[in-house]
Structure formats: C-alpha cells, structure tokens
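Turn these sequences into a full structure, and let the hints guide you.
Chains as they are written, first to last, in the numbering used here: chain A, 1 to 244; chain B, 1 to 63.
Among these hints, one or two may not hold up.
[Unchecked claim] Quick list of simulated restraints, FRET-style, between CB atoms:
(1) A:L138 to B:S44: 18 to 28 Å
(2) A:N83 to B:R47: 19 to 29 Å
(3) B:F17 to A:W235: 50 to 60 Å
(4) B:F17 to A:E148: 41 to 51 Å
(5) A:T119 to B:G13: 14 to 24 Å
(6) A:P43 to B:R38: 33 to 43 Å
(7) A:K238 to B:V25: 39 to 49 Å
(8) A:Q47 to B:R50: 56 to 66 Å
(9) B:A27 to A:G118: 33 to 43 Å
(10) A:W120 to B:E8: 44 to 54 Å
(11) B:G13 to A:L141: 33 to 43 Å
(12) A:L70 to B:G16: 27 to 37 Å
(13) B:R50 to A:G49: 50 to 60 Å
(14) A:N83 to B:F17: 47 to 57 Å
[Claimed, not checked] Derived coverage of chain B by chain A (criterion: at least 3 residues anywhere in the stretch with Cβ under 8 Å from a Cβ of chain A; other residues may be distant):
(15) 2 to 13
(16) 18 to 31
(17) 40 to 51
[Stated by the list, open to error] Examples of chain B residues lying across from chain A (beta carbon under 10 Å, computed):
(18) A34
(19) L37
(20) D55
(21) A56
Honestly, the hints are just simulated from the structure, not real lab data. Beta carbons: idealized from backbone N, C-alpha and C, even for Gly.
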Amino acid sequence: MNLYHYASPTTFYRLAGRVVPWAAWTAGILAACGLYIGFFVAPTDFQQGEAYRIIFIHVPAAWMGMLIYLAMAFWGAIGLAFNARLAFIMMRALAPTGALLTFVALWTGAVWGKPMWGTWWVWDARLTSTLVLLFLYLGTLALWSAIEDTRRSDRAGALLTLIGVVNVPIILFSVVWWNTLHQGSSIGVTHAPRMATVMMAGVLTMTLAAWAYAIAVVLARARRLVLERERKTEWVQKILVQEA
Amino acid sequence: MEWASWSEFWSMGGRGFFVWSAFGVTAACVLAEALLLRRSARLSRRRLARLQRWDAAPEGADS
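Given below as structure tokens:
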C-alpha cells in the first residue's frame, strides 16, 4: 500500500467525498438507536432518577472532545515533521467540531450537575481541565485566524496544539489524582463496567454515533479546505468548471 | 417500556427542564454545525469559481 497515494489532495478529495454521506447516514441511524435505548429501553436509575439520561450525550461528547484534540495533535506533529499539506488541513478541519463537542460536554454536565449536585458548576479538577480544553480549542482557532500567512499560521497552530495536549491526560486522570466532585470513571479498561449493561449499550451506541458524526463533518470541512488551498491546480479548476 | 404516558415521558420525573435542555442544546449545536458547513461549502465554491473566471479573463477585460 502506498500511503503517499492517500496523502495526495486529489485522492483524498474523491475518497472523502464518498465517505461523507455514508458517515452522515451512519451517524443518524446510530443516534436514533442510541436515543431509543437511552429513553425507552434503559430503566430509571435508582439513585439519580430520570436526569441520569443526560449521560447518553454527556459521556460521548466528553470522550470525543478529548479524542479530537489528540487527533489534532497527531496531525499537527505529522504536519510539522513532514511538512504535509493534508495534515494541516485535517487539523483545521477537526478543531471546530472538537470545540463544539467539548462545549456540549460542559453544557450537559452543567444541567446534570444542577439537579444532582445542586450546582451548575464547581472548580474541581475535572471540570476546570475540561474548560481549559475548550479554551485551547478556541485559542487555536483564534491563532489561525490572526496569522495571515497560511504556512506560518499552520505551524503556529500545530505547535500550540502539541503544547496543549498535556491537558488531555490531566482531564483523564483528574478524577484519580485529585479529590473531585466529579465521579470517577464507570467505564474503563482496567475494571469491569460499573454501570448496568443496557445503560452502557446506550452510551456506547451514542459514542459510535458521535464518531460517525465527527467523521462526516470533519471530512466535509477538509474537502472545502482542500479546494480552497489547491484552487490554482488543474484538477480543482476542472471540478469548479464541472460544477458551474 | 418505561413510560405510562407521553406526559410522563416529557416530564422526566420532574427533571424535564434539565434533560430536555441538555438534549435540545446538543441537537441545536449539531444541526447548526451541519447546516453552516453546507452553507460555507456552497459559498466557498461560488467564490472559487468567480476567482477562476477572473483569472482566466484576458488582461484588462471586465468579467
């Protein structure tokens, strides 16, 4: 397999164009299944009542917020090391969706916290480090829009993301390292799930839906960025003529 | 089935405001992102096509 083949903007543009509708449909179907499980199959929680159902979006959104940041750091490192154009494009395409899902995680956490903890917000380690993650996303987006020159802008954004990536393990382990109001993890690799099977099925289905959604929007955004950056090339000119 | 009636479903055991504002805001965010993305893709293509016509036009010609 020749990886350079997939790194070419032309191949990427065509391939991504085929993946986007599939990923979008998959996201829709999985979200419908996940919501059905979350609202109609999963029972009422014996401690938390009905408000616990917020976790069906809170947990997937929080996971994706961190994962997308890791993906950004990965593409940033590839971009800096190999000066790959497509890597920087992927980075830029990931950031808005990561910011959005991190915001969703914070929002749903707040409306869960109010009935459960009696407060919308506390400055505990988990919540604070997640807020820092949102600011890292917003800071990177602001940095990109502030630097005119594309090459310098790409590199500055990649550098900032690589520095900011230390925050991800802090979020992950915050509930272990510090005494947080936020509960510890119910699902993990080192222990059996501390959650009923139906509830976990709902969370996992919604997580897959979030993956598919992220793939669809990120690839769609990356395609637009490819066209913009390659607009002087023959293949983009051809596409533009075809669509006009 | 967990719910005896639709009104019981919407009230979410008295926590309806919290549950539905969580799901509502999430749905709004996701839909807004998808729609804005589609719109910006369309506008970007239109702009690129215009730039292309402009580049192709002979020197000094109005296009």
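Okay, the hints, checked on the actual structure:
| no. | hint | in the structure |
| --- | --- | --- |
| 1 | A:L138 to B:S44: 18 to 28 Å | holds (22 Å) |
| 2 | A:N83 to B:R47: 19 to 29 Å | holds (27 Å) |
| 3 | B:F17 to A:W235: 50 to 60 Å | holds (52 Å) |
| 4 | B:F17 to A:E148: 41 to 51 Å | holds (46 Å) |
| 5 | A:T119 to B:G13: 14 to 24 Å | holds (20 Å) |
| 6 | A:P43 to B:R38: 33 to 43 Å | holds (39 Å) |
| 7 | A:K238 to B:V25: 39 to 49 Å | holds (42 Å) |
| 8 | A:Q47 to B:R50: 56 to 66 Å | holds (60 Å) |
| 9 | B:A27 to A:G118: 33 to 43 Å | violated (26 Å) |
| 10 | A:W120 to B:E8: 44 to 54 Å | violated (26 Å) |
| 11 | B:G13 to A:L141: 33 to 43 Å | holds (39 Å) |
| 12 | A:L70 to B:G16: 27 to 37 Å | holds (36 Å) |
| 13 | B:R50 to A:G49: 50 to 60 Å | holds (57 Å) |
| 14 | A:N83 to B:F17: 47 to 57 Å | holds (51 Å) |
| 15 | 2 to 13 | holds (count 5) |
| 16 | 18 to 31 | holds (count 9) |
| 17 | 40 to 51 | holds (count 7) |
| 18 | A34 | holds (6 Å) |
| 19 | L37 | holds (6 Å) |
| 20 | D55 | holds (8 Å) |
| 21 | A56 | holds (9 Å) |
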